[in-house]
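Engineer: Listed below are the residues making up each chain.
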Amino acid sequence: DAGVTQSPTHLIKTRGQQVTLRCSPKSGHDTVSWYQQALGQGPQFIFQYYEEEERQRGNFPDRFSGHQFPNYSSELNVNALLLGDSALYLCASSFRGLGGYTFGSGTRLTVV
Amino acid sequence: GDSVTQMEGPVTLSEEAFLTINCTYTATGYPSLFWYVQYPGEGLQLLLKATKADDKGSNKGFEATYRKETTSFHLEKGSVQVSDSAVYFCALSEQDGANNLFFGTGTRLTVIP
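If you read the protein sequences in the order shown, they are chains Z and H.
Residue 35 in our numbering sits at position 35 of the first sequence; the count goes up by one each step and never skips.
Residue 87 in our numbering sits at position 87 of the second sequence; the count goes up by one each step and never skips.
There may be inaccurate statements among the hints.
What the hints assert, rightly or not - Residues on chain Z that point at chain H, a partial pick, calculated with CB under 7 Å: (1) ALA38; (2) GLN41; (3) PHE45; (4) ALA87; (5) LEU90; (6) GLY100; (7) PHE103; (8) GLY104; (9) SER105; (10) GLY106; (11) THR110.
What the hints assert, rightly or not - Just a sample of chain H residues kept apart from chain Z, beta carbon distances all over 10 Å, derived: (12) GLU16; (13) THR28; (14) LYS56; (15) ARG67; (16) GLU76; (17) PHE103.
Said to hold, decoys possible - Partial chain H-side listing against chain Z, Cβ under 8 Å, derived: (18) LEU44; (19) LEU46; (20) ASN99; (21) GLY104; (22) THR105.
Don't read these hints as lab results, they were simulated from the structure.
Quick reminder that beta carbons are idealized off the backbone N, C-alpha and C, glycines included.
Sequences are here, hints too, so could you generate the full structure?
Structural biologist: Here you go:
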């Protein structure tokens, strides 16, 4: 039973560019949340998707946007990249947001 | 707002030593509390959780008790192993995972043989 799958695992982008990160939730899960984990810090909540709608959002600017597809997979898009966007981006899935989350291994984004 | 304050690290212990990692929280409601572990190069794994006051979560020899009176959820293990070396995160959510998780800054544990 595959867990949460994220791609790519590593990514290097130039300041000002745009990036798309992808997440496939664990089988049976329908809710996807995204977190940003800066080096040496705890993860911070970006947003959560359920039924293809953004259900909750953390304190992140509009440069961060997302999408959920009918198969429950999700994308995180970041526009106009800043150096400070360099971080590990974690995807977590659950069933209707209940009972705890399963985390993926993350995508390491480096902005240069 | 909701927040988690976690014991600063790093922590270095000898194998078979006793472990305590302190965690206190601030929440407006009655949160669920979690400990997650992150091994090098991996995502977060749920270690244990407690959903109401006085509950004790336990897993793999680790334990934590939900103390509402002291707003704490300290992680303990009686005898650590080298394989326990990882970063440990305390977290809360206002419902049992239904709302987003608020994480502490993490505590890096290194266990030496």
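Engineer: Could you run down the list of hints and mark each one as holding or not?
Structural biologist: Consistency of the hints with the structure:
1. ALA38: With Cβ-Cβ at 10 Å, over 7 Å, it is violated.
2. GLN41: Holds, about 6 Å.
3. PHE45: holds (4 Å)
4. ALA87: Violated, because the Cβ-Cβ distance from ALA87 (chain Z) to chain H comes to roughly 13 Å (cut-off 7 Å).
5. LEU90: Given a least distance of 6 Å, the restraint on LEU90 (chain Z) holds.
6. GLY100: At 5 Å from the nearest chain H Cβ, GLY100 (chain Z) passes the 7 Å test, so the hint holds.
7. PHE103: Holds. Min distance 4 Å.
8. GLY104: holds (5 Å)
9. SER105: holds (4 Å)
10. GLY106: Hint on GLY106 (chain Z): holds, closest Cβ of chain H at ~5 Å, below 7 Å.
11. THR110: Since chain H brings no Cβ nearer than about 15 Å to THR110 (chain Z), farther than 7 Å, the hint is violated.
12. GLU16: Holds, since 28 Å exceeds 10 Å.
13. THR28: holds (16 Å)
14. LYS56: Since the minimum Cβ distance to chain Z is about 17 Å, LYS56 (chain H) lies beyond 10 Å and the statement holds.
15. ARG67: holds (21 Å)
16. GLU76: holds (20 Å)
17. PHE103: violated (3 Å)
18. LEU44: holds (4 Å)
19. LEU46: For LEU46 (chain H), the interface hint holds, since the closest Cβ of chain Z sits about 6 Å away, which is under 8 Å.
20. ASN99: holds (7 Å)
21. GLY104: holds (5 Å)
22. THR105: At 5 Å from the nearest chain Z Cβ, THR105 (chain H) passes the 8 Å test, so the hint holds.
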